[in-house]
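Protein sequence lines, in the order shown, are assigned to chains H and Y. Numbering of the first sequence is given in my numbering, commencing with residue 1 and proceeding in unit increments. Numbering of the second sequence is given in my numbering, commencing with residue 272 and proceeding in unit increments.
No wet-lab data here; the hints were simulated from the structure. Source: prediction; values computed, not measured. You may find that some hints are simply not true.
[What the hints assert, rightly or not] Taking lysine to aspartate or glutamate pairs in the EDC-like style, the calculated list, with each CA pair at most 20 angstroms apart, reads:
#	chain 1	residue 1	chain 2	residue 2
1	H	K162	Y	E406
2	H	K112	H	D93
3	H	K33	H	D114
4	H	K162	H	E125
5	Y	K332	Y	D364
6	H	K173	H	E145
7	H	K162	H	E100
8	H	K173	Y	E406
9	H	K162	Y	E433
10	H	K78	H	D136
11	H	K165	Y	E406
12	H	K162	H	D182
[As the list claims (entries may be wrong)] Estimated spans, in silico, between C-beta atoms of each pair:
#	chain 1	residue 1	chain 2	residue 2	range
13	H	T98	Y	E500	36 to 46 angstroms
14	Y	T501	H	V146	50 to 60 angstroms
15	H	T98	Y	T487	52 to 62 angstroms
16	Y	G426	H	M252	18 to 28 angstroms
17	Y	E500	H	D182	19 to 29 angstroms
[Claimed, not checked] A few chain Y positions that, by computed beta-carbon distances, are all more than 10 angstroms from chain H:
#	residue
18	M299
19	R351
20	S361
21	L363
Idealized CB from N, CA, C, for every residue including glycine.
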Amino acid sequence: MAKVLVVTSGKGGVGKTTSTAALGAALAQNGDKVVVVDFDVGLRNLDLIMGAERRVVFDLINVAQGVAKLSQALIRDKRLENLWLLPASQTRDKDALTDEGVRQIIDELRSKFDWILCDSPAGIERGATLAMRYADEAIIVTNPEVSSVRDSDRIIGMLDSKTVKAEQGEEVKKHVLITRYDPARAARGEMLSIDDILEILATPLLGIIPESQDILRASNVGAPVTLNDAACASARAYNDAARRLNGETIAMTVPVERKRFFERLLGRRAA
Amino acid sequence: MDSKVDPQRQLVRLRGRSYVAFVFSPVMPIVNWLEGIDATLARSPGFFVGRPIVLDLSAVKLSGHGIAHLVSSLENRNIRVLGIEGVDSSLLDASLPPLLTGGRHCMIEQSEPKKAEVKKETEPKAPPATSLLLESPVRSGQCIVFTEGDVTVLGSVSSGAEIVAGGSIHVYGTLRGRAMAGINGNQAARIYCQRIEAELLAIDGYYQTAEDIDQTLRSRPAQAWLDGETMKITPLI
Numbered sequence: 001m002a003k004v005l006v007v008t009s010g011k012g013g014v015g016k017t018t019s020t021a022a023l024g025a026a027l028a029q030n031g032d033k034v035v036v037v038d039f040d041v042g043l044r045n046l047d048l049i050m051g052a053e054r055r056v057v058f059d060l061i062n063v064a065q066g067v068a069k070l071s072q073a074l075i076r077d078k079r080l081e082n083l084w085l086l087p088a089s090q091t092r093d094k095d096a097l098t099d100e101g102v103r104q105i106i107d108e109l110r111s112k113f114d115w116i117l118c119d120s121p122a123g124i125e126r127g128a129t130l131a132m133r134y135a136d137e138a139i140i141v142t143n144p145e146v147s148s149v150r151d152s153d154r155i156i157g158m159l160d161s162k163t164v165k166a167e168q169g170e171e172v173k174k175h176v177l178i179t180r181y182d183p184a185r186a187a188r189g190e191m192l193s194i195d196d197i198l199e200i201l202a203t204p205l206l207g208i209i210p211e212s213q214d215i216l217r218a219s220n221v222g223a224p225v226t227l228n229d230a231a232c233a234s235a236r237a238y239n240d241a242a243r244r245l246n247g248e249t250i251a252m253t254v255p256v257e258r259k260r261f262f263e264r265l266l267g268r269r270a271a
Numbered sequence: 272m273d274s275k276v277d278p279q280r281q282l283v284r285l286r287g288r289s290y291v292a293f294v295f296s297p298v299m300p301i302v303n304w305l306e307g308i309d310a311t312l313a314r315s316p317g318f319f320v321g322r323p324i325v326l327d328l329s330a331v332k333l334s335g336h337g338i339a340h341l342v343s344s345l346e347n348r349n350i351r352v353l354g355i356e357g358v359d360s361s362l363l364d365a366s367l368p369p370l371l372t373g374g375r376h377c378m379i380e381q382s383e384p385k386k387a388e389v390k391k392e393t394e395p396k397a398p399p400a401t402s403l404l405l406e407s408p409v410r411s412g413q414c415i416v417f418t419e420g421d422v423t424v425l426g427s428v429s430s431g432a433e434i435v436a437g438g439s440i441h442v443y444g445t446l447r448g449r450a451m452a453g454i455n456g457n458q459a460a461r462i463y464c465q466r467i468e469a470e471l472l473a474i475d476g477y478y479q480t481a482e483d484i485d486q487t488l489r490s491r492p493a494q495a496w497l498d499g500e501t502m503k504i505t506p507l508i
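Next comes chain H alone, as it looks inside the complex (with noise of 0.2 angstroms):
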């Protein structure tokens, strides 16, 4: 069955289309069908991260408004048959968007795809609560500091009251997801613990992705890092999330000692 997962955050820059377009890659690979959906509406990106800009004809708000088919629309991705793309318009804004109009793509893709994963603008106004609107599940991207923690917070409870799950007397599963983790700023203090976060937010957590290079030199090629690099550190956390998003158990590791040990191992690389 169809599952609609929006990632989500409240704050802007925390790693949502990263997050989206990594998580999309590493579920495909594993063989079920995705699609990724751009709902950032005048500020698309996900079309860059995916590698796909140069392929855009129509876009979500052409097919919300019955300019284009959804298959018209939908760019497959050229590594992974069964990953694909929805972006969204670079030249409206987030007004364009309707509730009639999301609910009918939603319902069309529900009957073609495994995953539908949403990736939701930064803000609580009309864009992102369009994109939680028909979740049946959110991922809640969250840095380990205060004010992305709070931002959190505030959207965990819009999802629990804005969505139609939440009208209809359910409840969203939620997931939060860290990123930009880094431990060695951790360790000093100098970044909110995890358990801090987990304590504040009260919601199960899904992954830790590490702050790492690896995700810019992805973005940068057009890839998902996941497909760009799958031995990093912040790849393979992201594997790791989206087989717990499948019902999968894996032991929750802060994926860094390897990295640490690794970094000995080549002599001092990165400084």
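Following the hints, put chain Y in place on chain H, whose structure we already have.
Showing chain Y alone in chain H's frame:
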């Protein structure tokens, strides 16, 4: 309808006050009108028992004797007349109920025939909830307002969340947001929490912000209460 102004003169403080009462407006012939009252009593015998009744005699012309007779006829039916209006005061002697003036109409639901309007009784409604229980955490941006009584939160109250209660506030998790108790002027209201990291605590308008809260209390079970006009925050246990 009608209002009654207290006519006594005393050295003590006198206050005027209006009340709601039934008004009987008898019409001629009085005998027939009394039959109508009897019919009402036959349907619901206890209908007028214990209710304040005022006689409006403006529609009939009765002598002092006639008025006394009417009042005693009503008393025989267990209807006690609280006051009389619409007659000349010279007609009323000391044995009769006092003359009332200044009556005004008021609307009361549940009126019966005979122009009899019913005094508003204690409404038969479900007892109002006096406490609110929240089983999930209160998230940033949420504002819980419950003016009727206490609020109990089983989880935590996040930074940026707000609890407003008429009574006390109990938080069994960490209180990181704002808690305002006793907002209806209840100085006895208190705020309790398992861990205090609050942004603001207030009881009946007296408040302390995070900066005012003693650092040594932080992250411990604590309660806040009012000592006169000062808010005290003390450890629990």
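Hint by hint, here is what the structure shows:
1. K162/H <-> E406/Y: Holds, because 19 angstroms separates the two Cα atoms, which is no more than 20 angstroms.
2. K112/H <-> D93/H: Given pair K112/H, D93/H is violated - Cα atoms ~27 angstroms apart, limit 20 angstroms.
3. K33/H <-> D114/H: OK: K33/H and D114/H at ~5 angstroms, within 20 angstroms.
4. K162/H <-> E125/H: Given pair K162/H, E125/H holds - Cα atoms ~11 angstroms apart, limit 20 angstroms.
5. K332/Y <-> D364/Y: It holds: about 17 angstroms lies between the C-alpha atoms, which stays within 20 angstroms.
6. K173/H <-> E145/H: Violated, because 23 angstroms separates the two Cα atoms, which is more than 20 angstroms.
7. K162/H <-> E100/H: holds (15 angstroms)
8. K173/H <-> E406/Y: holds (17 angstroms)
9. K162/H <-> E433/Y: Holds. K162/H to E433/Y sits at ~19 angstroms (cutoff 20 angstroms).
10. K78/H <-> D136/H: Outside the cut-off at roughly 28 angstroms; violated.
11. K165/H <-> E406/Y: Holds - the C-alpha atoms of E406/Y and K165/H are around 19 angstroms apart, at most 20 angstroms.
12. K162/H <-> D182/H: violated (33 angstroms)
13. T98/H <-> E500/Y: 36 to 46 angstroms: violated (54 angstroms)
14. T501/Y <-> V146/H: 50 to 60 angstroms: violated (31 angstroms)
15. T98/H <-> T487/Y: 52 to 62 angstroms: holds (54 angstroms)
16. G426/Y <-> M252/H: 18 to 28 angstroms: holds (22 angstroms)
17. E500/Y <-> D182/H: 19 to 29 angstroms: Roughly 48 angstroms apart at Cβ, these two residues miss the hinted range, so it is violated.
18. M299: Fine: 66 angstroms to the nearest Cβ keeps M299/Y off the interface.
19. R351: Answer for R351/Y: holds, closest chain H Cβ roughly 56 angstroms.
20. S361: Given that every Cβ of chain H is farther than 10 angstroms from that of S361/Y, nearest at about 71 angstroms, it holds.
21. L363: Correct as stated: the minimum Cβ-Cβ distance to chain H is 66 angstroms, above 10 angstroms.
Of the numbered hints given earlier, the model fails hints 2, 6, 10, 12, 13, 14 and 17; all others are met.
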